[in-house]
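Participant: Residue numbers (this note's numbering), protein chains in the order written: chain G, 1 to 253; chain S, 1 to 98.
Some hints could be false.
[Claimed, not checked] Partial chain S-side listing against chain G, Cβ under 7 Å, derived:
{"no.": "1", "residue": "His24"}
{"no.": "2", "residue": "Val28"}
{"no.": "3", "residue": "Asp42"}
{"no.": "4", "residue": "Val43"}
{"no.": "5", "residue": "Arg46"}
[To be verified] With a cut-off of at most 30 Å between alpha-carbon atoms, the simulated DSS-like pairs for lysine-lysine come out as follows:
{"no.": "6", "chain 1": "S", "residue 1": "Lys16", "chain 2": "G", "residue 2": "Lys132"}
{"no.": "7", "chain 1": "G", "residue 1": "Lys132", "chain 2": "S", "residue 2": "Lys34"}
{"no.": "8", "chain 1": "G", "residue 1": "Lys195", "chain 2": "G", "residue 2": "Lys114"}
{"no.": "9", "chain 1": "S", "residue 1": "Lys34", "chain 2": "G", "residue 2": "Lys114"}
{"no.": "10", "chain 1": "G", "residue 1": "Lys129", "chain 2": "S", "residue 2": "Lys16"}
{"no.": "11", "chain 1": "S", "residue 1": "Lys94", "chain 2": "G", "residue 2": "Lys129"}
{"no.": "12", "chain 1": "S", "residue 1": "Lys34", "chain 2": "G", "residue 2": "Lys156"}
{"no.": "13", "chain 1": "G", "residue 1": "Lys3", "chain 2": "G", "residue 2": "Lys227"}
In case anyone wonders, no lab produced these hints; they're calculated from the structure.
From the three backbone atoms N, C-alpha and C, an ideal C-beta is built for every residue, glycine too.
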Amino acid sequence: MTKNQALYEYALRLGDTSLVLGHRLSEWCGHAPLLEEDIALSNMALDLIGQSRLMLAYAGTLEGKGNDEDALAYHRDARQYRNLLLAEQPNGDFGYTIARHFLLSAYLVTLYQKLTKSSDETLNGFAQKSLKEMIYHLRHASDWMLRLGDGTPESKQRVQESLDACWLFTDDFFDADAVDAILQDGTAPDLADIKTTWLVTVTSVITLAGLQIPATTNGFMRSGSRKGNHTEYLGHLLADMQFIPRAYPGTKW
Amino acid sequence: MSTDTKLITWEVFTQKKQGAAHEHAGSVKATDPKMALLNARDVYGRRNEAINMWVVPAFAITASTPEDVGPFFDPANDKLYRNPNFYKLSNTYKPVAD
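With the hints as extra help, turn the sequences into a complete structure.
Facilitator: Structure representation (structure tokens):
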């Protein structure tokens with residue numbers, strides 16, 4: 001694998017995670033528990049879709065086959081997507097969405113912080129811009145983790161169950177492969193470092209919220225997003241997201 | 001949308017730039033100041049409208065009533081000398097908020 005191919009894969013991973021997570025959040029539009037939260041979730045969805053545009057456009061350039069961001073977003077199948085598995089999980093209840101967003105935004109904040117020091121100009125610029133957005137996402141999600149964890153017995157139980165369910169997909173965040181190895185020349189951070197920092201961040205909030213870090217001893221963990229091995233939910237999400245551009249190619253509105 | 005009685009109304013004031021006055025932007029529902037500020041940010045600050053925000057519980061605001069209009073505000077109408085109309089302003093003067 002050349003460095004260019006590794007960068008292409010890396011850009012897809014970042015872009016696809018933002019796109020799929022942004023799409024999931026956008027599904028809350030019109031359905032959130034209160035109007036202010038509806039606006040907040042839609043707003044965060046737009047941040048993520050904006051981030052994905054930058055990275056998919058970059059991936060298109062690196063690929064060199066004339067694919068723009070739309071071609072990559074709308075004309076790849078699930079097996080070609082490189083988003084983290086947790087990002088594609090269905091919204092569940094509000095607590096599940098919050099737990100998912102909490103774990104993912106803590107990861108993206110840590111990752112983007114490191115990427116602001118990347119020797120690759122595009123990744124560096126992308127991280128500078130996106131970091132501010134993700135710091136807000138983490139603040140919002142952490143705030144709700146505290147409210148739900150420290151709320152009523154029911155809210156506590158439900159958010160704990162969501163956290164446990166989401167935890168299954170967190171090994172996937174750190175599943176370094178040949179792509180990461182090639183980019184260890186100052187382009188991309190070491191995922192083992194990211195894991196250490198991420199764990200400190202999430203542990204402090206989970207503990208403060210009176211919740212338990214999900215047990216991983218003898219626990220099965222799912223990964224495989226970097227090879228395109230997704231859960232069943234991504235295909236359904238893409239069917240929804242890609243329908244218009246596939247049914248009416250080149251359509252404009 | 002639920003109507004949770006624990007949610008109260010907060011009035012939101014945004015400052016457009018440093019030195020400018022905070023202006024009323026609207027209101028949000030929230031249970032406490034922290035949530036009110038996050039909600040205010042998402043509703044009134046997401047399009048680059050503000051560099052600073054205040055949130056105030058609506059119940060903390062005391063307002064004049066419509067019936068007060070006469071005694072409160074009318075007497076000012078015929079007293080032009082209360083306005084600084086007869087001073088010349090320097091050409092270089094510019095209000096902070098413009």
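Participant: Confirm or reject each hint.
Facilitator: Evaluated hints:
no., hint, result
1, His24, "17 Å, violated"
2, Val28, "5 Å, holds"
3, Asp42, "4 Å, holds"
4, Val43, "5 Å, holds"
5, Arg46, "5 Å, holds"
6, S/Lys16 x G/Lys132, "20 Å, holds"
7, G/Lys132 x S/Lys34, "19 Å, holds"
8, G/Lys195 x G/Lys114, "12 Å, holds"
9, S/Lys34 x G/Lys114, "29 Å, holds"
10, G/Lys129 x S/Lys16, "22 Å, holds"
11, S/Lys94 x G/Lys129, "33 Å, violated"
12, S/Lys34 x G/Lys156, "20 Å, holds"
13, G/Lys3 x G/Lys227, "18 Å, holds"
The structure fails hints 1, 11 (numbered hints given earlier, in ascending order).
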